[in-house]
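For reference, the chains in residue letters:
Number of protein chains: 2
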Amino acid sequence: MARVLRAHVRDDVRTGVFRWLPLLPIAEPVPGLPAGGTPLVEVPRLAEHVGLRRLFLKDETRNPTRCLKDRATAVGVSLAVAEGFRGMYCASAGNAAISLAGFCSQLGLGCHVFVPNSTPAGRLRWLELFGADVVVHAGDYDSAFAAAEHAGSEHGWYSRNCAFNPFLVEGKKTAALEIAEQLEWQAPDLVLAPVGDGCTLGGLGKGFRQLAALGLTDRIPRLVGSQAEGVDPLVRRFKGDSPQTDTAHATEAHSIAVRHPRNAIRVLNEISASGGDLISVPDDAMAEAQALLGSMGGVVAERASAASLAALLTLRESEPLGGVTAVVVVTGGRIDDDV
Amino acid sequence: MARVLRAHVRDDVRTGVFRWLPLLPIAEPVPGLPAGGTPLVEVPRLAEHVGLRRLFLKDETRNPTRCLKDRATAVGVSLAVAEGFRGMYCASAGNAAISLAGFCSQLGLGCHVFVPNSTPAGRLRWLELFGADVVVHAGDYDSAFAAAEHAGSEHGWYSRNCAFNPFLVEGKKTAALEIAEQLEWQAPDLVLAPVGDGCTLGGLGKGFRQLAALGLTDRIPRLVGSQAEGVDPLVRRFKGDSPQTDTAHATEAHSIAVRHPRNAIRVLNEISASGGDLISVPDDAMAEAQALLGSMGGVVAERASAASLAALLTLRESEPLGGVTAVVVVTGGRIDDDV
Chain A
101 MARVLRAHVR
111 DDVRTGVFRW
121 LPLLPIAEPV
131 PGLPAGGTPL
141 VEVPRLAEHV
151 GLRRLFLKDE
161 TRNPTRCLKD
171 RATAVGVSLA
181 VAEGFRGMYC
191 ASAGNAAISL
201 AGFCSQLGLG
211 CHVFVPNSTP
221 AGRLRWLELF
231 GADVVVHAGD
241 YDSAFAAAEH
251 AGSEHGWYSR
261 NCAFNPFLVE
271 GKKTAALEIA
281 EQLEWQAPDL
291 VLAPVGDGCT
301 LGGLGKGFRQ
311 LAALGLTDRI
321 PRLVGSQAEG
331 VDPLVRRFKG
341 DSPQTDTAHA
351 TEAHSIAVRH
361 PRNAIRVLNE
371 ISASGGDLIS
381 VPDDAMAEAQ
391 ALLGSMGGVV
401 AERASAASLA
411 ALLTLRESEP
421 LGGVTAVVVV
431 TGGRIDDDV
Chain B
101 MARVLRAHVR
111 DDVRTGVFRW
121 LPLLPIAEPV
131 PGLPAGGTPL
141 VEVPRLAEHV
151 GLRRLFLKDE
161 TRNPTRCLKD
171 RATAVGVSLA
181 VAEGFRGMYC
191 ASAGNAAISL
201 AGFCSQLGLG
211 CHVFVPNSTP
221 AGRLRWLELF
231 GADVVVHAGD
241 YDSAFAAAEH
251 AGSEHGWYSR
261 NCAFNPFLVE
271 GKKTAALEIA
281 EQLEWQAPDL
291 VLAPVGDGCT
301 LGGLGKGFRQ
311 LAALGLTDRI
321 PRLVGSQAEG
331 VDPLVRRFKG
341 DSPQTDTAHA
351 TEAHSIAVRH
361 PRNAIRVLNE
371 ISASGGDLIS
381 VPDDAMAEAQ
391 ALLGSMGGVV
401 AERASAASLA
411 ALLTLRESEP
421 LGGVTAVVVV
431 TGGRIDDDV
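Line by line, the protein sequences are chains A and B. Everything in the first sequence is counted per our numbering, starting at 101 for the first residue and increasing by one. Everything in the second sequence is counted per our numbering, starting at 101 for the first residue and increasing by one.
Isolated chain A (complex conformation) (with noise of 0.2 Å):
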């Protein structure tokens, strides 16, 4: 099985997301932006600095509309289109909303899409540009996903919430399959990614799984995620800590800012089954992750994807990491937010 599949993934001339198509939820891709198929860029001042053995930045911010969320939408569209649906939707805090609108233009297909009213302006024009239907919603990214699936199944639009349908994260899940086969199917010993609704970190949990069980991989990688200190309801439940009560904390880290996750369950799951953990870190360090990314590693972040890197340096102080390879997923690197 494993020497069936590696022979496969070496010989498909697709690059991406339907590389895998053996692993995916879809009887045919259809044509379109070409998501996924991203870098893995090995960093070693960064690992330097940091004092790992080796370090690699999964660069999804070379995806069709900078963000790891083109490699859901690449499944979403192929499902929607199959289904014979002509729109779609979804809630968003920018980048899911901007990858279903890129997606739906170069397609031809509606784009509804709501939005927080934190929302920045950077990320409203790239919405216009795609010619996408926004509603920026009164609320909070919470309300805004809310009023998406009312809307959405008042007008019988395909779902692009990842949370809400399930064969999504299977195209997150390819980010995973990429950065083993980039290893020369070797897993790392750590794996760190931002966490918002869960749907991400869930999904690259659910990818190494999968690889180890077919026997394409011989481990699975443990896995490190973060949210920003004022909104951070999967660490306290993961630590059985209260919540939150206190909801005047915020964080300008807007893309992970999730009150209410939606894909608890899988994600906390996923992190224990790997023997991970997961870390709050404040937005200063944040920034200062996001630095230490571009000015060693060559890669600019947006704030929340900076927040993998600041979750690393909080986890040396409690544990030596001098013989790890880890791999810091850059979710998304647009940084119209923090400027």
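No wet-lab data here; the hints were simulated from the structure. Mixed in with the good hints, there may be bad ones.
[Stated by the list, open to error] Taking CB as the label site, the calculated pair distances span:
hint : chain 1 : residue 1 : chain 2 : residue 2 : range
1    : A       : Ala246    : B       : Pro125    : 54 to 62 Å
2    : B       : Pro125    : A       : Asn369    : 49 to 57 Å
3    : A       : Arg103    : B       : Glu352    : 51 to 59 Å
4    : B       : Trp285    : A       : Arg319    : 37 to 45 Å
5    : B       : Ala391    : A       : Asn369    : 39 to 47 Å
6    : B       : Gly184    : A       : Gly423    : 26 to 34 Å
Just so it is clear, CB atoms sit at the ideal spot from N, CA and C, and this is done for glycine as well.
Fit chain B to the known structure of chain A by using the hints.
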């Protein structure tokens, strides 16, 4: 020869710029940010709108720092490292400087960039994140160029000015090589790119001529360059018009606002050899083209990069394009300067 090269390219496991090593002026690529290997996205909705047989976007926004300039930088840093330089420099309206800063950060090379005072805040933020040494010059791009060359020769830094260091255009040429490979070794009828100093379209022209000379393709495409109506010295020279004297004219398309183009002879020769054209487009036509690229093509281009599609829409007025296959090179995707 064609057979050997085609087999080399097919079997080379590398992606991107260094896949073309036999046609590049370097012995050994440096590790680092992987440039090139960008998708050629077919956009049937936009083709129908424009009235072309087929239209493709060469999506250079998917380079490491979002710009075609990374192809030149990849070659430049390889040469600098091979020759033992520890520092590099360039003049730039933003994109080339950002590209150089990203590669230098990743490799630990000193990076000294000279940008005009019109450089938007978003671009300065990228340079800050990459930790570059930035000189914001009091004048425009042309005077920043002079300052950069002066400082570079004084300090013994390696030049990443494509219009000064001829090896760098060889990196840009790889975009043409990729286009031909992606079209299964058929040259398209038309290839369009924006023109500032002239290095990018000049490099594309060299690439297509080289492909034909090697027998990899059986013809060269017509090259169509575009400049902003407010700053269009090369269009005037190409058409035999008198130079622009009223420098009050200007453009929001900073990336191509070059009053004294330094690769004029190269680019004019390439355009002439291809039977091509050079077209001026007003800023509002660029803005419309930018919106079309987004809403029908799913690609967000910076304003200056949309000049190519604007030129195609102008060309449509004067000649029938119904049987034509065209490639629009979307050179960059940083939209911080037009919101």
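Let me make sure I understand: some of the numbered hints might not hold for this structure. Which ones are they, in numerical order? none
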